[in-house]
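Number of protein chains: 2
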Amino acid sequence: MTKQERAVRTRHSLICSAAEAFERHGYVQAKLSDISASAGVSPGALHFHFENKAAVAATVEASAGVSLRREAWLAQRPDMNALQRLTNTSHALAGRLRRDVVARAGFKLSYEAPHSSGPTLHQEWQVCVRQLLAEASDEALLLEGTEHSVVADGIVAATTGFEMLGREDPAWFSATALTAFWRLILPSIARPQTLRALEPGGSPTRVEGHQSPIG
Amino acid sequence: MTKQERAVRTRHSLICSAAEAFERHGYVQAKLSDISASAGVSPGALHFHFENKAAVAATVEASAGVSLRREAWLAQRPDMNALQRLTNTSHALAGRLRRDVVARAGFKLSYEAPHSSGPTLHQEWQVCVRQLLAEASDEALLLEGTEHSVVADGIVAATTGFEMLGREDPAWFSATALTAFWRLILPSIARPQTLRALEPGGSPTRVEGHQSPIG
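Top line first, the protein sequences correspond to chains A and B. For what it's worth, this note's numbering labels the leading residue of the first sequence as 1, then goes sequentially. For what it's worth, this note's numbering labels the leading residue of the second sequence as 1, then goes sequentially.
There may be inaccurate statements among the hints.
Said to hold, decoys possible - Derived CB-CB ranges, DEER-like:
(1) V127(B) to R24(A): 19 to 29 angstroms
(2) Q29(B) to V127(A): 26 to 36 angstroms
(3) S38(A) to A134(B): 37 to 47 angstroms
(4) R24(A) to E144(B): 39 to 49 angstroms
(5) Q193(A) to R196(B): 17 to 27 angstroms
(6) Q131(B) to A62(A): 39 to 49 angstroms
(7) Q131(B) to K31(A): 55 to 65 angstroms
(8) D34(B) to R191(A): 24 to 34 angstroms
(9) H47(B) to S38(A): 32 to 42 angstroms
Said to hold, decoys possible - Chain A is nowhere near these chain B residues, computed Cβ spacing over 12 angstroms in every case:
(10) K3
(11) S38
(12) S63
(13) L74
(14) R99
(15) E112
(16) A134
(17) T146
(18) S149
(19) T160
(20) G166
(21) P187
Stated by the list, open to error - Some chain B residues close to chain A (C-beta under 10 angstroms, calculated; not the full set):
(22) V28
(23) S33
(24) V101
(25) D153
(26) I155
(27) T159
(28) A177
(29) A180
(30) F181
(31) L184
It should be emphasised that the hints constitute simulated quantities derived from the structure, not laboratory data. Backbone N, C-alpha and C define an ideal beta-carbon position, used for all residues, glycine too.
Please model the complete structure; the sequences and the hints are all you need to start from.
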């Protein structure tokens with residue numbers, strides 16, 4: 001292993017340890033000394049990679065952003081209608097949050113103690129939901145009289161709640177809970193002919209357990 | 001004003017200042033010195049009423065519990081069906097959270113840093129939603145095939161999300177947002193004849209702006 005490979009590996013270990021610490025103790029109470037110790041490196045090695053705790057948090061948040069955006073992007077199969085893409089995206093993001101502590105910690109940090117000046121990950125999700133529902137409206141998938149911005153707010157609130165509750169009890173992140181939610185909401189918003197073709201559990205290529213190319 | 005009246009008043013000011021500090025800075029970062037200063041009392045006076053920060057937080061949480069439980073209880077008019085009682089309860093609680101910083105801070109503390117050994121306020125709300133939906137099922141208000149526990153989870157998640165989002169932007173606590181949510185969800189769960197009589201904005205005696213007897 002070259003020196004550079006070792007540095008990349010150490011940095012990766014530090015990001016994972018930091019995510020675990022932020023998830024468990026929150027940003028304020030997480031300790032740099034615990035982060036370096038659980039990554040198996042010296043405090044000096046941590047400071048070689050990161051100037052301070054804020055820099056570590058910013059990196060966790062940025063890594064979460066990269067993986068969650070990629071996950072959302074992969075769920076956007078162009079041959080699918082906007083409602084199926086929305087359903088699939090929610091399952092893809094929940095799956096990533098279930099299996100990836102960096103994504104979970106970064107999402108939480110972005111909400112509670114954001115270290116970037118741009119929109120939070122949470123705000124990006126709001127934009128994504130609103131946009132897909134506006135597309136669903138353009139594609140004439142929605143029941144007559146459905147205000148797509150109102151529906152978007154309800155979906156944003158519910159999915160935020162699932163993420164929030166999942167922090168205490170991971171069952172809320174489960175594909176089952178999310179599928180049940182879509183079964184509940186889709187009949188209120190989709191036209192009958194659209195509804196019949198929709199898969200509330202996500203379409204086959206993106207359901208839980210499927211190996212993501214960026215796994 | 002007697003000595004005892006003054007003590008009650010001071011204690012009340014301290015609880016309000018503490019709630020503001022916990023809401024703004026979170027439990028860990030809130031400072032007792034700021035709490036006493038903004039209540040206009042000396043640090044000694046604070047310590048006369050509360051042993052430490054944990055005791056202050058426990059009192060804020062307990063006060064929030066009392067007012068939120070009372071609010072929920074008042075919304076339970078026995079002449080209404082279980083779905084209307086659920087809708088009304090959600091509006092009553094959102095109203096209390098909108099106008100009462102102690103309720104907001106206590107709800108947040110109960111979630112993030114609970115100081116009582118019993119169920120959190122959030123868990124009490126989950127129990128309330130589940131129970132009212134089970135009653136709605138017993139009262140044959142729900143569409144055939146509706147699994148009331150699944151619906152309860154979706155409603156718990158969504159309302160948790162509204163509370164969470166409301167911390168950043170109070171518009172999420174608004175009666176309008178909550179009414180829109182019920183308009184979205186009720187047609188998926190209520191039988192048509194039940195649905196026609198339901199008021200998603202809460203029934204007249206308990207809507208936003210109405211003076212609560214404990215307001």
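- Message: Tell me the numbers of any earlier hints that the structure contravenes, in ascending order.
- Response: 7, 8, 15, 17, 18, 19, 20, 21, 23 and 24
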